[in-house]
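So the sequences go chain by chain: A and B. Quick note on numbering: the first sequence equals residues 2 to 343 in the working numbering. Quick note on numbering: the second sequence equals residues 2 to 343 in the working numbering.
Just so you know, not all the hints are guaranteed correct.
One copy or any two copies: either way a pair holds, since identical chains are not told apart in the list.
Derived SDA-like pairs: lysine to any residue, alpha-carbon spacing no greater than 20 angstroms straight-line [to be verified]:
no., residue 1, residue 2
1, LYS22, ARG246
2, LYS134, ASP113
3, LYS98, ARG282
4, LYS77, ARG32
5, LYS98, MET281
6, LYS22, PRO343
7, LYS22, LEU43
8, LYS98, VAL24
9, LYS77, VAL34
10, LYS98, THR245
11, LYS77, ASP207
12, LYS98, GLY165
13, LYS22, VAL115
14, LYS98, VAL115
15, LYS77, ARG221
16, LYS98, ARG168
17, LYS22, TYR270
No lab work stands behind these hints: they were computed from the structure.
So you can see what is in the structure, the chains are spelled out below.
There are 2 protein chains.
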Amino acid sequence: MRAAVMHGAGDVRVEDRPDPKIVQPADAVVRVVASCVCGSDLWPYAAMPATDTGRPMGHEFLGVVEETGADVTALKSGDLVVAPFTYSDNACDYCAKGLHISCRNGGRYGFDGVDGGQGEAVRVPYADGTLVKLPVAADSALLPSLLALSDVMTTGHHGAVTAGIGRGDTVLVVGDGAVGLCAVIAAQRLGAERVVLAGRHSARTDLGRRFGATDVVAERGEEGVARVHELTGGVDKVIEAVGTRQALDTALGAVLDGGTISRLGVPQYEQGPIGPALFMRNIMLTGGASPARAYIEQLLPDVLDGTIAPGLVFDRTFRLGQTPHAYRAMADRQVLKALIRP
Amino acid sequence: MRAAVMHGAGDVRVEDRPDPKIVQPADAVVRVVASCVCGSDLWPYAAMPATDTGRPMGHEFLGVVEETGADVTALKSGDLVVAPFTYSDNACDYCAKGLHISCRNGGRYGFDGVDGGQGEAVRVPYADGTLVKLPVAADSALLPSLLALSDVMTTGHHGAVTAGIGRGDTVLVVGDGAVGLCAVIAAQRLGAERVVLAGRHSARTDLGRRFGATDVVAERGEEGVARVHELTGGVDKVIEAVGTRQALDTALGAVLDGGTISRLGVPQYEQGPIGPALFMRNIMLTGGASPARAYIEQLLPDVLDGTIAPGLVFDRTFRLGQTPHAYRAMADRQVLKALIRP
């Protein structure tokens, strides 16, 4: 099969790879119908040291089950399924708590002999515990929004849930990438009255407004913080959907004492300012990597009936062979989120 | 009047200070009946640079109202009152949310012309918003436990509340100081089934057992973490009542993914490990300086009827003139918490 492999920073190639086969009895092989490039894929694209073997890329995909192992009972060949961005057994203590991201037997696509999603097919471990069957046809117009459940929409939802957003809240979302925009959807969906979106790319913030943002702050740094205070008097809840220290500093500047910052962007720093200043202000730091598997079934009805349309974050479609261009276009910010069709 | 003043590390003196008088119409002057030395007083005692003027010490006291300003309506001369460890107007937006520690008009004893509690009398700003009237006589045997509401008991309670402790929980409390011991009381009071206390001073951990600790871990560092896992398999909730990086590392090692760490000890570090490792584990960091004023009325009935007896943390009483000895005894860990009688 053909699949995208990253060999180092800026070096993504579409190559021949072995066709996936059932290895463990809980495996399924899924023929990919649609996958995409994640904002988090851009971190290695910017900085990964060159490797000899390369790393299969992609952790968001949906597709059709082609083959199942002997222990797979909930899925059969021909089922259309969406994959959360990590696999999980849905049976361990963490999965039982809804924390599939910490599954005792879970793992990441593209590592440990598991294929990436940016390819023609994927061997999915713990298929029953991982994949969610979709009640639509493989040519449904809802496919982009269903694909968004793999990561960006379930991640945005995780931010809104862990920030404790409820009816009437004022929320700041830092970042106008796909996750930030999905966090706007999620905040609005959970009843936030006012959603301030911090972002400077007008095409993206316009989509944010369509998703429910009531205000947009284009200024950055201290100016941005000042603007949030001017608009709101400070906010009780922030969803930080970037991962940089600057984004965290914006969150800390905008949040009121006693407020909550939920982080969704993988931190690009090891140490952060959690000393006496944070402590005296009683700011809660929450969020983290989303347990996407736990949320897909919750959000699915809203996607199916059109209540939410996170698929609008996909603003360009590439063929699998064009995947290197998709990376380049996203890295150059010409594309918000690239959908890839094998 | 006589009052304790810190002039630098290790240098506490009891000196003549001006008698407090009403300055603002919301002030009250309180004649101190009992005060104490806080674990947090030991940080400047260890490290404060020498000063010319010195700093009046003490932020925990109870006493009798001697005089009130024209705007004070809820208190009158002769009332026995307890003071939370900061003053607050109980009228601003933060106080309305129960976050009196962030009061827009609040402040700290010993700063900005306000007396410390380790003295004969204190001018208390915003007396109506700060002081809580006690329905007992000034010679009540409950005084130590009522004094504990000033800080250590309300702080321990804040840890249990922000950690979200409820019925059946397993909790780790890191630190066997007065705050850690009060956190044990608070965790038990909110329904925790298992309370593991990490501390190495057997007199203190014995008191912790009396307060409801079900297990004691005397080992420190990695050994301590291993012991907590051995006992519990890891915990969902940790109250960190020390403030050092080692205590935070113990908390991080003992907590399960998706768990909560509530910090009560003022961090003795500016930066902490909140990078990808914490993020991927979905660990929530909460806690902070307690809004004591918000909790005193909640906890008061349990003190009055003897349900909780946090006053047991006071293991020695000093006269005001002996305050320097009280600091020394606490710094040397001969005394858990020193009560001071003017």
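To see whether the hints hold, each was checked on the structure:
{"no.": "1", "hint": "LYS22 with ARG246", "in the structure": "neither (42 angstroms within a copy, 48 angstroms between copies)"}
{"no.": "2", "hint": "LYS134 with ASP113", "in the structure": "neither (25 angstroms within a copy, 65 angstroms between copies)"}
{"no.": "3", "hint": "LYS98 with ARG282", "in the structure": "between (30 angstroms within a copy, 13 angstroms between copies)"}
{"no.": "4", "hint": "LYS77 with ARG32", "in the structure": "within (13 angstroms within a copy, 79 angstroms between copies)"}
{"no.": "5", "hint": "LYS98 with MET281", "in the structure": "between (31 angstroms within a copy, 16 angstroms between copies)"}
{"no.": "6", "hint": "LYS22 with PRO343", "in the structure": "within (18 angstroms within a copy, 81 angstroms between copies)"}
{"no.": "7", "hint": "LYS22 with LEU43", "in the structure": "neither (29 angstroms within a copy, 64 angstroms between copies)"}
{"no.": "8", "hint": "LYS98 with VAL24", "in the structure": "neither (28 angstroms within a copy, 56 angstroms between copies)"}
{"no.": "9", "hint": "LYS77 with VAL34", "in the structure": "within (16 angstroms within a copy, 77 angstroms between copies)"}
{"no.": "10", "hint": "LYS98 with THR245", "in the structure": "neither (29 angstroms within a copy, 31 angstroms between copies)"}
{"no.": "11", "hint": "LYS77 with ASP207", "in the structure": "neither (41 angstroms within a copy, 60 angstroms between copies)"}
{"no.": "12", "hint": "LYS98 with GLY165", "in the structure": "both (17 angstroms within a copy, 16 angstroms between copies)"}
{"no.": "13", "hint": "LYS22 with VAL115", "in the structure": "within (10 angstroms within a copy, 75 angstroms between copies)"}
{"no.": "14", "hint": "LYS98 with VAL115", "in the structure": "neither (25 angstroms within a copy, 50 angstroms between copies)"}
{"no.": "15", "hint": "LYS77 with ARG221", "in the structure": "neither (50 angstroms within a copy, 52 angstroms between copies)"}
{"no.": "16", "hint": "LYS98 with ARG168", "in the structure": "between (25 angstroms within a copy, 17 angstroms between copies)"}
{"no.": "17", "hint": "LYS22 with TYR270", "in the structure": "neither (38 angstroms within a copy, 51 angstroms between copies)"}
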